[in-house]
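Asks: Work out the full structure, taking the sequences as your base and the hints as a guide.
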Amino acid sequence: MDRAGETWRWAAFDALGGREVRDLLKLRADVFVVEQACAFAEIDGRDPAALHLLCEIDGELAGCLRVFAPEASGGAARIGRVATARAFRGAGLGHRLMAEALRLCTERWPASAVDLSAQAHLASFYGRHGFTSVSDAYLEDDIAHVDMRRAASVAA
Numbered sequence: 002m003d004r005a006g007e008t009w010r011w012a013a014f015d016a017l018g019g020r021e022v023r024d025l026l027k028l029r030a031d032v033f034v035v036e037q038a039c040a041f042a043e044i045d046g047r048d049p050a051a052l053h054l055l056c057e058i059d060g061e062l063a064g065c066l067r068v069f070a071p072e073a074s075g076g077a078a079r080i081g082r083v084a085t086a087r088a089f090r091g092a093g094l095g096h097r098l099m100a101e102a103l104r105l106c107t108e109r110w111p112a113s114a115v116d117l118s119a120q121a122h123l124a125s126f127y128g129r130h131g132f133t134s135v136s137d138a139y140l141e142d143d144i145a146h147v148d149m150r151r152a153a154s155v156a157a
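Residue numbers are given in the working numbering: position 106 of the sequence shown equals residue 107, and the series is strictly consecutive.
It is possible that part of the hints are untrue.
Here are the computed lysine to aspartate or glutamate pairs in the EDC-like style, where the Cα-Cα straight-line distance is at most 16 Å [what the hints assert, rightly or not]: (1) K27 x E43; (2) K27 x E7; (3) K27 x E57; (4) K27 x E61; (5) K27 x D48.
Now the in silico label distances, taken between C-beta atoms and shown as ranges [stated by the list, open to error]: (6) E72 x A152: 12 to 22 Å; (7) D137 x R23: 29 to 39 Å; (8) D31 x S134: 24 to 34 Å; (9) G6 x Y139: 19 to 29 Å.
For the record, the hints were derived by calculation from the structure and aren't laboratory data. A virtual CB, placed ideally from N, CA and C, is assigned to each residue, including glycine.
Replies: Below you can see the structure in the form of structure tokens.
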């Protein structure tokens, strides 16, 4: 998966170094709080229960996401906090992040569906990865969202 100048890493939150935690939280705040002008508790206390995917390009955090095991998220694996730094958008990094997250979910929890809460305008992005809407649109932090699910890769 790595391309020249790229480093991809899965890590538990407690295994991240201080700089990695800072870069992760800064990227998510830049995207979800600053760019989207949305004041909300981005640091929600759930990071220690998740596995984190970090993609660095030339030493800079370019994208990240977190994944929760089914037992930590109510019966289905859950992907969240998918973020790509502005400077790295438009080259397919978001799709590569999602493909890697789904690879991990399929490998670790093949009998589990995968859930996520998508900003409504990104439903087609997630649809390209096999997700379908399972709720009507609702407001979360004044942004329209929709719950989406991808069926388990193997029958339970």
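Asks: Would you pick out the hints that fail for this structure and give their numbers low to high?
Replies: 2, 9
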